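Peer 1: Here is how the chains run, residue by residue.
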Amino acid sequence: MIITHPILGPRDSSEFVYLGDATLLDRPDWQADDALHQFTRYQHSRDNPAGLHRELWFHEQGDRSWLVVTRDTVTHEIMQVEFASDMARKERS
Amino acid sequence: MSQKNRLDDGLIDRSETFSFRFDSQYYKGHKGDTLASALLANGVRLMGRSFKYHRPRGVMTAGSEEPNALVELRDGARKEPNTRATTAELFDGLRAESQNRWPSLAFDAMEVNDLLSSFFAAGFYYKTFMWPAAFWEKIYEPIIRRAAGLGSLSTRDHPDEYDKGFLHCDLLIIGGGPAGLAAALTAGESGARVILADEDFLIGGRLNLESHALGGMSGPAWAAEMGARLGAMPNVRVMPRTTVMGAFDHGVYGAVERVSDHLKVPEDGKPRQILWRITSKRAILCAGATERPIVFENNDRPGIMQASAIRAYANRWAVTPARQVAIFTNNDDGHRTASDLVAKGVDDVSVIDTRTDAPSSSDYNVIAGGVIDQTWGRLGLTQIEVKMPRGGIRRIKCGALGVSGGWNPNVHLTCHQRGRPVWNDAIAGFVPGEALPMGMTVAGAANGVFSTHGALKTGADAAKGVLSDLGLTAKTLPLPETEDAPARVTPFWHVKTAKRAWVDQQNDVTAKDIKLAHQENFRSVEHLKRYTTLGMATDQGKTSNIAGLAIMAEVAGTSIPEVGTTMFRPPYTPTAMGVFAGRARGTETRPTRLTPSHRWAEEQGAVFTEAGLWLRAQWFPKPGETHWRESCDREVLQTRKSVGICDVTSLGKIDVQGSDAAAFLNLVYCNGFAKLPVGKVRYGLMLREDGIVMDDGTAARLAEDHFIVTTTTGNALGVYRHMEFVRQCLCPDMDVQLISTTEAWAQFAVAGPKSRALLHKIVDDEFDLSNAAFPFMACAETTICGGLRARLFRISFSGELAYEIAVPTRYGDALIRRLMDAGKEFDVVPYGLEALNVMRIEKGHATANELNGTTTALNLGMGRMVSKKKDSIGSILSERPGLTEADALKLVGLKPVDPENPVPAGAHLMTKDAKATASNDQGYVTSACYSPNLGHHIALGFLKAGDARLGEVIGLVSPLTGINHDVEVVSPHFLDPKGERLRA
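Quick note, the sequences are listed as chains A and B, same order.
Note that our numbering gives residue 44 to position 44 of the first sequence, counting from 1, and the numbers run on in steps of one.
Quick note, our numbering runs 1000 ahead of the 1-based positions in the second sequence.
If we strip away everything but chain A, and leave its shape as in the complex, we get (with noise of 0.2 Å):
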């Protein structure tokens, strides 16, 4: 596969650590009543989609940056890559 980074374009996916659901950039407030409850759902809960999923791969041997990934699991055709950062000010803001 090829991971067309947004600032290096295309790289072969052998220079990126894959790590999984994109949802772990929208970790729960440490301080909520059911935090407990919360972080279980955050760490352990993940959605399996036959198509379009977003999820988080590290160009460990490149710039070193997370990026979000769209990725469709059934043909692992490649829509759309940004940079987990924007995307987390994103979730943030």
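Treat the hints loosely; a few may be bogus.
Said to hold, decoys possible - Looking from chain B toward chain A, a few residues come up when the C-beta cut is under 10 Å (computed):
id	residue
1	R1727
2	P1732
3	I1739
4	T1741
5	L1769
6	S1872
For the record, the hints were derived by calculation from the structure and aren't laboratory data.
What you are looking at is a predicted structure, and each value in this text was computed from that prediction instead of being measured.
Glycine residues also receive a C-beta, built at the ideal position from the N, C-alpha and C atoms.
Following the hints, position chain B against chain A.
Peer 2: Okay, now just chain B, sitting in the frame of chain A:
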């Protein structure tokens, strides 16, 4: 021996004569020959023995689909089993041995299997070798493996190198026949970046094997001219000897280039083969088609071949397998072989055509509506028996029989992404389906277009389609005039017989076996394949699958498309394991990292061990020491008595800078860092979000906005990745930056009561090393040896008064020498990982053995370190039920009740005298050593509610080693529990 079956002309270079050996016999051939063509030229038809019944077999094809003529090529360490004689290029001095026969190819003792064949029908292994189960591995399998098999491995290290490489292109064209050449010319002339790959060493595909003219030129001449034209284009890369063996995601193709297979040994510096990963925007599959056989009784004798292969040998290699040849066909293409042979001077040719309306010829004898009933000749065909259309039998003497059952498009690569081929009645074969791998189109015979003109046209058209997709303007090139005959075929799959007619020659599967499988209810095509082994092994049924499906359809009373096909998977043809490994062999499988003191340690005769990717000194044997324990004990005692030095460079170092650095570490570590003063170091425990311990280390605050974090050696990469995740994904607005500086600094632990005195001689005078000015857990940037910048940390893993000193890596070697020199007066000792381990166990410090991915801060006795006053990764889930039970495992020390007894790591802990069962399990031993300071073995381990059980005597069992004795639960701090030494 003379090349008695060599004809005139052909694409061989007669000016170069090669000598080669097959089994014990020497032969001659020419440059341009394959092993198969050279053997045929010398009158050799018998080339192998079949897998199961050891039946004599000859070459059946002239290409990579060959099921029979498998040999062991070369000898010694370069021996390659199961090499197809049809693709092995001849070179001078080539050695090949036939396989699966004893004592010789012509007389094979195992041929007795053939007489017993009624016992070896489909499913024989499953039925016969069922019971007792224990017999399978020890008795049945070795016998079967010896009796039924392919070639043998050299079992020696391969002396040649294999390589890997990456290529990128707009358009990958797979196959260099007429369709591929037309596509490549169109795309190349239009400016696209093109790769044209062909498995053959001669570009041209069937143009080199046929007698068709193209625009007044011979096929081979036209192919050579176009190949040269393409080769001259800077935007086109022509890759002969390159098999595209797999179609993968996103237009990525795997291709194996056989750089040196045609040479006796590779040229200096050249690899044997290269595995290319080709990333293409578009691909055109022009893989051609494979002729399929018709199945009849005893259709496997040496000399019985594809009709197209006989023609290929005659046209390209100027060889005929025999002077008297018969053809058995159900289509017009079979007649081409007859006319080509006659044109080549082989004039005793008969054609048996299953069709009553077969075309007639004045050049050769045609029997329309006949079928082959029987064949003769044990080690090679001598005679065939034809059942005549109006009854009666005619016998024809012949040494070769060409069989043509029609052509199957080579759809394999279209199926690598789960595409399914579809049935086409016009050619009575499967053509590529709708769902092709992304970016792929198919042209020529691979798409069921069998005429040469059709191949040229569909190849050029496919390229035009691709070019417009790529935004390029396609040039239209004139196509040469050439044959455009329609494919006329009347399906005819097999001549019914009560005896044995071979469907899959590589796996000895007969028409009867397929019927038997059906009878026994193995009716799905996938079950049929696995039960009978039809279509398995090196040829993957390229010549046999369709006939098998046809017979299955017939017995099931259904149609071939209803039976369906099995799935084609990569690789397209057998691929050497070596090329997948590439250069990753032996110690080259991963990098080896050396510490800055490595060369010095080698000079001391150190014994090294692997730690992550690093090689670290394990111990430093002195003359006379015969056992590692002697060296280790000495290093421990001397360090505790005076001073020792250990290279700790391999521990991960991460530089953390920014105005939010402290807040960031507060989030990453479960314990607090916000209030750590500048000039101080703190132990930090890092949790995973699920509450389990990830790693531990120290963080030293060099400035308000500057920390240095250390990690364990093995986790350096993972911790860095995790910290970047936290920084970028969880707190993107913090002002903090990270960089790994593990290899930027050489770092040494200087430990022992004399460590301060030693460092005093190294550290520049302005720096006050006194206990008051630089106490335990202090850190500073300083200079040593007269101005060299260094970092000093007063931290201790050994439990002694100790420092870690870091200098830029390039000074590491000089520093260890200077330290050892300065330490002479204290009898300084270098210590390795074993001594380091002993000292940390004596002190009760955890390492990876304790931070083993299942343990929590609570387990480690550090539960209270998890701050509840702040957010940190893992703090919430560290409190989840199940991790906080009252009887949770706790880190304890263990010592044997009988001081002579060892306390081995991995042993399990039981209540005293309890039976050693899993339900009685109370914990386990994680780290163990002999303590030279205490004079007995000690260990660390996890025990249920262990912290409340100090003093209790419990049972220690290790069923693996037969150990079962009592140990006492003690504090994990065996030595200096109050920490007076390290604060001294």
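Peer 1: For the hint on S1872 (chain B), does the least C-beta distance to chain A fall short of 10 Å?
Peer 2: 8 Å, holds
Peer 1: Return the status of the interface hint for T1741 (chain B): holds when the least beta-carbon distance to chain A is below 10 Å, violated otherwise.
Peer 2: 14 Å, violated
Peer 1: Checking hints one by one. Is L1769 (chain B) an interface residue toward chain A, by the C-beta closer than 10 Å rule?
Peer 2: With a closest approach of 37 Å, the L1769 (chain B) hint is violated.
Peer 1: Just to be careful: measuring from the Cβ of P1732 (chain B) to every Cβ in chain A, is the smallest value less than 10 Å?
Peer 2: Hint holds; P1732 (chain B) Cβ to chain A Cβ min 4 Å, cut 10 Å.
Peer 1: Is the interface hint satisfied for R1727 (chain B)? The criterion is a beta-carbon contact with chain A at less than 10 Å.
Peer 2: 8 Å, holds
Peer 1: Is the hint on I1739 (chain B) kept, meaning its closest Cβ partner in chain A is under 10 Å away?
Peer 2: This hint holds: I1739 (chain B) lies near chain A, its Cβ roughly 9 Å from the closest one there, short of 10 Å.
Consistency note: the structure conflicts with the earlier hints numbered 4 and 5.
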